[in-house]
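Undergrad: What follows is the residue order along each chain.
There are 2 protein chains.
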Amino acid sequence: MKNYKVILAYDGGRYNGWQKQGNTENTIQARLERIVSEIAGAETEVFGSGRTDAGTHATGQAANFHIDWQGTPEELLSTLNSRLPEDIAGLSIAEVPPRFHSRLNAKAKTYVYTIWNSEQPPVFLRKYAFWCKKPLDREKMEEAAKAFLGEHDFKAFCANKRMKKTTVRRIDAIRFLYDGEKTEIHFTGNGFLYQMVRILTGTLIEVGEGRRQPEDMTAVLQAESREAAGFTAPSHGLCLREVYYH
Amino acid sequence: MKNYKVILAYDGGRYNGWQKQGNTENTIQARLERIVSEIAGAETEVFGSGRTDAGTHATGQAANFHIDWQGTPEELLSTLNSRLPEDIAGLSIAEVPPRFHSRLNAKAKTYVYTIWNSEQPPVFLRKYAFWCKKPLDREKMEEAAKAFLGEHDFKAFCANKRMKKTTVRRIDAIRFLYDGEKTEIHFTGNGFLYQMVRILTGTLIEVGEGRRQPEDMTAVLQAESREAAGFTAPSHGLCLREVYYH
Chain A
57 MKNYKVILAY
67 DGGRYNGWQK
77 QGNTENTIQA
87 RLERIVSEIA
97 GAETEVFGSG
107 RTDAGTHATG
117 QAANFHIDWQ
127 GTPEELLSTL
137 NSRLPEDIAG
147 LSIAEVPPRF
157 HSRLNAKAKT
167 YVYTIWNSEQ
177 PPVFLRKYAF
187 WCKKPLDREK
197 MEEAAKAFLG
207 EHDFKAFCAN
217 KRMKKTTVRR
227 IDAIRFLYDG
237 EKTEIHFTGN
247 GFLYQMVRIL
257 TGTLIEVGEG
267 RRQPEDMTAV
277 LQAESREAAG
287 FTAPSHGLCL
297 REVYYH
Chain B
57 MKNYKVILAY
67 DGGRYNGWQK
77 QGNTENTIQA
87 RLERIVSEIA
97 GAETEVFGSG
107 RTDAGTHATG
117 QAANFHIDWQ
127 GTPEELLSTL
137 NSRLPEDIAG
147 LSIAEVPPRF
157 HSRLNAKAKT
167 YVYTIWNSEQ
177 PPVFLRKYAF
187 WCKKPLDREK
197 MEEAAKAFLG
207 EHDFKAFCAN
217 KRMKKTTVRR
227 IDAIRFLYDG
237 EKTEIHFTGN
247 GFLYQMVRIL
257 TGTLIEVGEG
267 RRQPEDMTAV
277 LQAESREAAG
287 FTAPSHGLCL
297 REVYYH
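Going line by line, the protein sequences match chains A and B.
So for the first sequence, the numbering used here puts the first residue at 57; every next one is plus one.
So for the second sequence, the numbering used here puts the first residue at 57; every next one is plus one.
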């Protein structure tokens, strides 16, 4: 048995997220496991680096699985892609040490949230960007984002109210990229709580619209209560860009 | 009555092209005419700069219509966008002289054909790019494209076999843009025959794959026969980028 790590892209639009849930076939993980199991000729588990929400996309999700494969990694990738639906693709595949685990070994991740900021609708990005009609104040958003850098208790940005484990996370970078009407916010950190990136984005949008001030962000963090933070930006604007190891 | 020119973006994926045909509602023109007529309170014709094929997209189609409108152009645009489906949008609108006609006054157009050249499938561009698995030879494609510059009889690149009017057209520029796995070919010319851009692209792809040579292009033009040219690249990779006036 060899252990393979695969980098995946998927359009999350018609899926109930990454994680398989009971009998539902409509998750990325369940689709992958069925196909990998067919190739393996045996029930095979696929481990992802983490869940992505229903409707959220990925251009660099990492996953691994153990399989008795005699061909090259390239042949395995090609076999996989020939069986996957057109909205899921393997981008690369490599053999990794037997103990490698996509989730347990992940050191950091980058998520990208895409905003379409224009009065005119995002015809071609309508399924991949959140449409904000009001002009957003870029400087204020960038200023506000600085408050989230470093290690903090992000309880205010966690949608799971029954979270029993620590809600402390470290954000290494929040970068803003502008391209015409499109704004991308890149969040890199050692881990993200349930809907954390979407709530951070919603809060930053409220700053951009002038409904909150950059200097209020520290108080939002310190409140440690979901009610203190902004709205949850919709899942279709979010994309898991990259997972970092070792 | 004022004459308004509107610049339109649309995802052609679920439409039978621009041009209304008999009773079908499923064309961009028919959708627009119904909405503009509702706003006008009277049957109103919408003139496009030209047809786009079923499945073909636009980021800069131009159209005009005459309407008795008392508000500002911005208000008209906003009213229009509030009624259009999410895969059609007005990008800008301006009042133009009464005699302006989107098709008759058009001087040139730019079409963009997008190719995804990779062994891995184009998850996010699957509806907007033609997937070529084989590596394409960029130099040979660019070399071949030079044969089409200037004024030529493009009969070999016209899908309409009963074309009675002239098939002479002028191509001003063919530019290649590369961005990772994505290749865009920008065709600018004074007019394009039925499926001309798609047949030009198909022929260039055959050059890129090594099935034809750049130096054979002149003979293809001179044959003046559809059979001499390459395959018709699929409509979903094509996008009308811009229409030029005066």
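It should be emphasised that the hints constitute simulated quantities derived from the structure, not laboratory data.
Take the hints with a grain of salt, since some may be wrong.
Unchecked claim - Here are the simulated lysine to aspartate or glutamate pairs, DMTMM-like style, with alpha carbons at most 25 Å apart:
1. B:Lys238 x A:Glu298
2. B:Lys183 x A:Glu207
3. A:Lys238 x B:Glu265
4. A:Lys189 x B:Asp235
5. A:Lys183 x B:Glu240
6. B:Lys189 x A:Glu151
7. A:Lys189 x B:Glu81
8. A:Lys220 x B:Glu151
9. B:Lys58 x A:Glu175
10. B:Lys238 x A:Glu142
11. B:Lys183 x A:Glu240
12. A:Lys189 x B:Glu265
13. B:Lys183 x A:Glu237
14. B:Lys189 x A:Glu142
15. A:Lys190 x B:Glu175
16. A:Lys190 x B:Glu265
17. B:Lys202 x B:Glu131
18. A:Lys189 x B:Glu142
Undergrad: To test your reading of the hints: which numbers does this structure violate?
TA: 2, 3, 4, 7, 8, 12, 15, 16, 17
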